[in-house]
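Protein chains: 2
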Amino acid sequence: MTTTAPSGYTYDDPALPPSPVSVEDLERLKASVLFTDDDAAALAMAGDVLADQITDVLDTWYGFVGAHPHLVAYFADPDGEPIKAYLDAVYQRFGLWILDTCRRPYDERWLAYQHEIAQRHTPDKKNRTDRVDSAPAVSLRYLIAFVYPITATMRPFLARKGHSEADVERMHQAWFKAVTLQVALWARPYAARDW
Amino acid sequence: MTTTAPSGYTYDDPALPPSPVSVEDLERLKASVLFTDDDAAALAMAGDVLADQITDVLDTWYGFVGAHPHLVAYFADPDGEPIKAYLDAVYQRFGLWILDTCRRPYDERWLAYQHEIAQRHTPDKKNRTDRVDSAPAVSLRYLIAFVYPITATMRPFLARKGHSEADVERMHQAWFKAVTLQVALWARPYAARDW
Chain A
29 MTTTAPSGYT
39 YDDPALPPSP
49 VSVEDLERLK
59 ASVLFTDDDA
69 AALAMAGDVL
79 ADQITDVLDT
89 WYGFVGAHPH
99 LVAYFADPDG
109 EPIKAYLDAV
119 YQRFGLWILD
129 TCRRPYDERW
139 LAYQHEIAQR
149 HTPDKKNRTD
159 RVDSAPAVSL
169 RYLIAFVYPI
179 TATMRPFLAR
189 KGHSEADVER
199 MHQAWFKAVT
209 LQVALWARPY
219 AARDW
Chain B
29 MTTTAPSGYT
39 YDDPALPPSP
49 VSVEDLERLK
59 ASVLFTDDDA
69 AALAMAGDVL
79 ADQITDVLDT
89 WYGFVGAHPH
99 LVAYFADPDG
109 EPIKAYLDAV
119 YQRFGLWILD
129 TCRRPYDERW
139 LAYQHEIAQR
149 HTPDKKNRTD
159 RVDSAPAVSL
169 RYLIAFVYPI
179 TATMRPFLAR
189 KGHSEADVER
199 MHQAWFKAVT
209 LQVALWARPY
219 AARDW
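Chains A and B, in that order, are what the protein sequence lines are. Letter by letter, the first sequence follows residues 29 to 223 of my numbering. Letter by letter, the second sequence follows residues 29 to 223 of my numbering.
Mixed in with the good hints there might be a few duds.
Pairs count within a copy or across copies, as identical chains cannot be separated in the list.
Straight line, CA to CA, 30 Å or less: simulated DSSO-like cross-link-like pairs of lysine-lysine [as the list claims (entries may be wrong)]:
{"no.": "1", "residue 1": "189", "residue 2": "154"}
{"no.": "2", "residue 1": "153", "residue 2": "58"}
{"no.": "3", "residue 1": "189", "residue 2": "112"}
{"no.": "4", "residue 1": "153", "residue 2": "189"}
{"no.": "5", "residue 1": "58", "residue 2": "154"}
{"no.": "6", "residue 1": "153", "residue 2": "112"}
{"no.": "7", "residue 1": "112", "residue 2": "154"}
What the hints contain is simulated information worked out from the structure, not anything from laboratory work. Nothing here was measured: the structure is a model prediction, and the numbers come from that model.
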């Protein structure tokens, strides 16, 4: 991982447009995934557990994507060749996404960057950040499907630093809630209505 | 639970239109949630564990929905009053959905009924089956958010019949995959494109 902000990482950019999703909308969504202050505390603990394991987590996820041509396609050029510079740039931001999920307050700034991430999965902004010629959108079906692998593969990493089984479970449930919550937010640009 | 098919349950209706989603699409989605034959076997076991607990599971879920006005709204009339007959009809079908998730083969017939369920969350078919005047669609955000409560609340029920911790975990992971897979399928009618 780089220690400076990777290319295209605009979380702290003062010019980041606000999200169309309100803090009240977010509160209702949090209630729908049973997300509480205890989950925020568990995620803070998870951030400390994961901080020096980010590349291991990402390598697991990239290995999963790399093993499935229908997933690699979202990083491929029109000839079907994976674009290494694109994969690398997303890798850097994906690592910070893990830590942001654990450590950032879920406030208006967080919502604004969720909106940015959401748009980067769709024709609104995909490929633009990294100036690549790749698939125009990540299909919504796989965005949702990823809740499973992104949740399930995380548990061994959370268990690696000697925490009690109860704390590992607490961190893992909080992670599951946070991932589900974010996928719900990222689905917004796909829905013509009824989001 | 009724022993005859509840009103609006058309899984075995020969007139059920086929799904626009192909078996090949389904195979890719299954791979994306790591769903294997072992998960199908674990779900069959879960079906036996859950068969006499369906009302307990449904009461848990209805209790959760009932505690949140923004969720009850999807079952309410234009005055905001929950429609009891609608809640009851969905309850009956929801119970069969649990067993279908565990026991039915994930084949073309299953895909066809998933498509029917998907449409019943949106203006295409919501309210029509039960001839009610309620919210025109379940918001996509909550359809996705529900992956968490529908998964997490299931574990104690799976653990209630004396199975080993390993078997309970196997059933629970298979359930998590199956729920995620179905929500991915149900998202289809919401997406104008890029599903």
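Hint check results:
1. 189 / 154: neither (36 Å within a copy, 48 Å between copies)
2. 153 / 58: both (26 Å within a copy, 28 Å between copies)
3. 189 / 112: neither (32 Å within a copy, 50 Å between copies)
4. 153 / 189: The answer is neither: 38 Å in one copy and 50 Å across copies each exceed 30 Å.
5. 58 / 154: both (27 Å within a copy, 25 Å between copies)
6. 153 / 112: Cα proximity of residue 153 and residue 112: one copy only (19 Å, versus 44 Å across).
7. 112 / 154: within (16 Å within a copy, 45 Å between copies)
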